[in-house]
Amino acid sequence: QKEVEQNSGPLSVPEGAIASLNCTYSDRGSQSFFWYRQYSGKSPELIMFIYSNGDKEDGRFTAQLNKASQYVSLLIRDSQPSDSATYLCAVIPSGTYKYIFGTGTRLKVLA
Amino acid sequence: EAGVTQFPSHSVIEKGQTVTLRCDPISGHDNLYWYRRVMGKEIKFLLHFVKESKQDESGMPNNRFLAERTGGTYSTLKVQPAELEDSGVYFCASSQVTGLNTEAFFGQGTRLTVV
Chain A
15 QKEVEQNSGP LSVPEGAIAS LNCTYSDRGS QSFFWYRQYS GKSPELIMFI YSNGDKEDGR
75 FTAQLNKASQ YVSLLIRDSQ PSDSATYLCA VIPSGTYKYI FGTGTRLKVL A
Chain B
-14 EAGVTQFPSH SVIEKGQTVT LRCDPISGHD NLYWYRRVMG KEIKFLLHFV KESKQDESGM
46 PNNRFLAERT GGTYSTLKVQ PAELEDSGVY FCASSQVTGL NTEAFFGQGT RLTVV
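Residue numbers (our numbering), protein chains in the order written: chain A, 15 to 125; chain B, -14 to 100.
Relax, there's no trap hidden among the hints.
On the chain B side, residues computed to face chain A include the following (Cβ under 7 Å): (1) GLU27; (2) ILE28; (3) PHE30; (4) HIS33; (5) THR83; (6) LEU85; (7) ASN86; (8) GLU88; (9) PHE91; (10) GLY92; (11) GLN93.
Since the hints were derived computationally from the structure, they do not count as laboratory data.
Ideal Cβ positions, reconstructed from N, Cα and C, are used throughout, including at glycine.
Kindly produce the complete structure, drawing on both the sequences and the hints.
Right, here's the structure in full:
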C-alpha cells in the first residue's frame, strides 16, 4: 500500500463546476496535510494546508480533513481553465518533517 | 524576493559520468530539502538540511549520491557515477523554520537524463 494515494486522473470538469480531488494516507499519526498545484514544467506551489479535522476555506478552495478515515480532499469551486494543472497531496508523517507525496491528480477544466 | 533557484534546468549525461546539481534556497531559510521525481512516480524525499547539518538523509538511494550545504547557504547534490535509473526531475525546496505546518517553497527542478 502506498503511503499517500491519489487518483492520477485526468479529472475533467466543465468551467464553473466544482472539482473534487481526493487523497488517502496510511500513517494514522500524520499531522499535517498539504495541497500543492503544479503546472507543467513549473515548480509545485502551495495552495493550502490543513491539520485539524474539518474544513478549511480559502477563496475558491476548501480543504477537508477526516483523520478517522485517513482522508483529505480539496474542493475547487467555480473551476476555471487556469485551474488545469496537477494537484499534489503531501503528508507529513509522525516523527518527521519531510513531505510524502502522492502521484498527483491531473485536473482539466473544460471551457 | 528571489525564490528557490536550481541549476542547471536540464542536464544530459552519459552513464558513468558525474553530475552536480545546485540549489540556492530563499535567503534566510534554514531548512533545505532535496526531492526527486522519477517518470511516472511520485515525488520522493531524498534529504533534509537544517543549516549546514543533515537532519534526515533517509531517502538517499545509495552512496553514489552526495549532498552538501556549505556554510548553510546553497546546496549541491552530486551523482557519481550516474546510472540510467537516476534520470528524473530533482527538486529542491526550502522553508524558514522546521515545523509541521511550515510551507516549503519549491524550485523549478533540474531534469536529469542519463543516457
